[in-house]
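Undergrad: Okay, here's what each chain looks like letter by letter:
Number of protein chains: 2
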Amino acid sequence: MRTMYFKNNPSILATSSIGGPKETTGALGKYIEIKGEDDTFGETTYEKAEKQMLYTVIKNSIQNAHKEIEDIDAIIAGDLLDQIISATFSARSFDAGYLGVYNACATFTEALTIGAALVDGGYLKSVVCGTSSHFSSAERQYRYPLELGCTRPPQAQWTVTGAGACVLGNGDGVKINCATVGKVVDFGVVDVNNMGAAMAPAAADTLYTHFIETGRTPDYYDAIISGDLGVLGSHVLIDLMWQKGFDISKVYHDCGAIVYKIKEKEYQGGSGAGCSSMVFCSYFYKQLCEKSLKRVLLMSTGALLSSLSAQQGESIPGIAHAVCIES
Amino acid sequence: MRTMYFKNNPSILATSSIGGPKETTGALGKYIEIKGEDDTFGETTYEKAEKQMLYTVIKNSIQNAHKEIEDIDAIIAGDLLDQIISATFSARSFDAGYLGVYNACATFTEALTIGAALVDGGYLKSVVCGTSSHFSSAERQYRYPLELGCTRPPQAQWTVTGAGACVLGNGDGVKINCATVGKVVDFGVVDVNNMGAAMAPAAADTLYTHFIETGRTPDYYDAIISGDLGVLGSHVLIDLMWQKGFDISKVYHDCGAIVYKIKEKEYQGGSGAGCSSMVFCSYFYKQLCEKSLKRVLLMSTGALLSSLSAQQGESIPGIAHAVCIES
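Here the protein sequences line up with chains A and B, keeping their order. Residue numbers for the first sequence follow this note's numbering, beginning at 1 and rising by one. Residue numbers for the second sequence follow this note's numbering, beginning at 1 and rising by one.
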């Protein structure tokens, strides 16, 4: 069984979100808590800018929960950069434990899953879960330096410059009810510009497993939210689930597909480890707090490649972890 | 509080270990289960060789526990390569959940901590925890291509070509009693060849926190085992603990310092995410099973740098997670 149940329903006590100019002027921009004037956040490199974003949302989420760092037992965080340096160097500034996690853009729900279990079981009292990504640091690590001016193909997505974090603990707040751990699924996609197609089969596997193991159906949820399949990948997921006997189309959303006013080079929408965390910690969390959504299944989706694995001819496996959150 | 207690004492049901020629002819070589004839393990690149090692110990640990993959709910694994591709591509071969973790060479006890909590709390029935490293894949990623023939300074360590994995579950076996989550600690070391000095302050912080939070003293343990501080780093840790009022010298061992017959370019001994997992899953696990050791504190130690963070002038923070294991 890959589904865990949290009997004590650990709470999301508070969240914080941050975005760059493109994100904060996008379709969901008004919901994002901290709006960057530019994409450097006062730093001299894009990597340091990404660290600064993650640090900021960790700090602010603790403040928003009316807590001090002494109340936080551990920070559970990750990002797309080699050796998850955004998470590490953010955690360095806090006097708390640190568990670094990495499942590419599925890292946010991986962190939520681990964090919810640690709080639910009474192992730790309170934890912060957070992830980040930055368009420019991701482009130069995974694809080409921006200075080269490479053109992007129409199946490409745009890595979100943003971060989100939330505080888990006991107390009032929206509740985490259960989580289904994802499996590595590889359908042999090798196009590093077509992440949606690479991740959709993993998302379908997790969603199907979740329905089978919990006995739930799509209508149990007000919203089923994937991380960053993008427009194309979202269609693939809906089709794959239809083939498996589940119609998710009425309640389905994708953070990547809705984050931008897609009109130029975003093509299929947003992606990145900060995509689902920024969108959930702003837009969807607000709706849960206002009870306009009561039961959501958040499923961040990750493409588990590295530059080196691609260079050595490997295909791109995907993964997705699903977390049920109820108001 | 950073210490978690596992009331149901989840068991290590079985382990598996693998090493390259240097490791299996080293001081602890006879304890290592699978002995590589060369360091390629039948693969065409060092990165694929590392994946093959990790895959092999995951598979063998499940066999050694007399289980099938259907009995395993999740694989919790990580390694040193960018985007932890050894762990990811190993997990791809198994029909089980996957949680990727990364705390550099402290990843093994990070995985054990998370795995023990998930099993102890009844969230998952059985998990496999494993890590790997490979001298040649690490050298070319973190330092220089081997073909350059760069000389190594005397404070350097030798990344272990090896892997270790263990199955956690309920049943007979040595028990995991508690764990103390590490904190990111940075004393400003910038020498990427002197990992021992970079990690020792983090190890001292975790050990001190463990003693204070549990009320235990060094004589509670038959062995306190750090991951890969090496000879130099081990002396630093003993001194730092002495300054904090604890004499650990009588029960202290370091996997890196004991893994090789140090006589040539290993200098300070072994390092790498596979160092503590390979040594624990062979040598120390055997002693726990034979009850020549009854209570050990295993504390893998990690240096949280990336090539890019070093290039951008960052210092090297360290982290260490401690896990109490009793026979």
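The set of hints was computed from the structure by calculation and includes no laboratory data. Fair warning: there could be bad hints in the mix.
Which copy is meant is left open, because identical chains are indistinguishable; a pair holds if it fits in one copy or across any two.
When the alpha-carbon atoms are kept at most 20 Å apart in a straight line, the in silico SDA-like pairs for lysine to any residue are as follows [unchecked claim]:
#1 Lys-291 <-> Leu-146
#2 Lys-59 <-> Met-1
#3 Lys-125 <-> Tyr-5
#4 Lys-125 <-> Met-1
#5 Lys-244 <-> Glu-33
#6 Lys-250 <-> Gln-311
Remember, it's a predicted structure, so these values are computed and weren't measured experimentally.
Undergrad: Starting from the hint list further up, note which numbers the structure goes against and sort them upward.
TA: 1, 5 and 6
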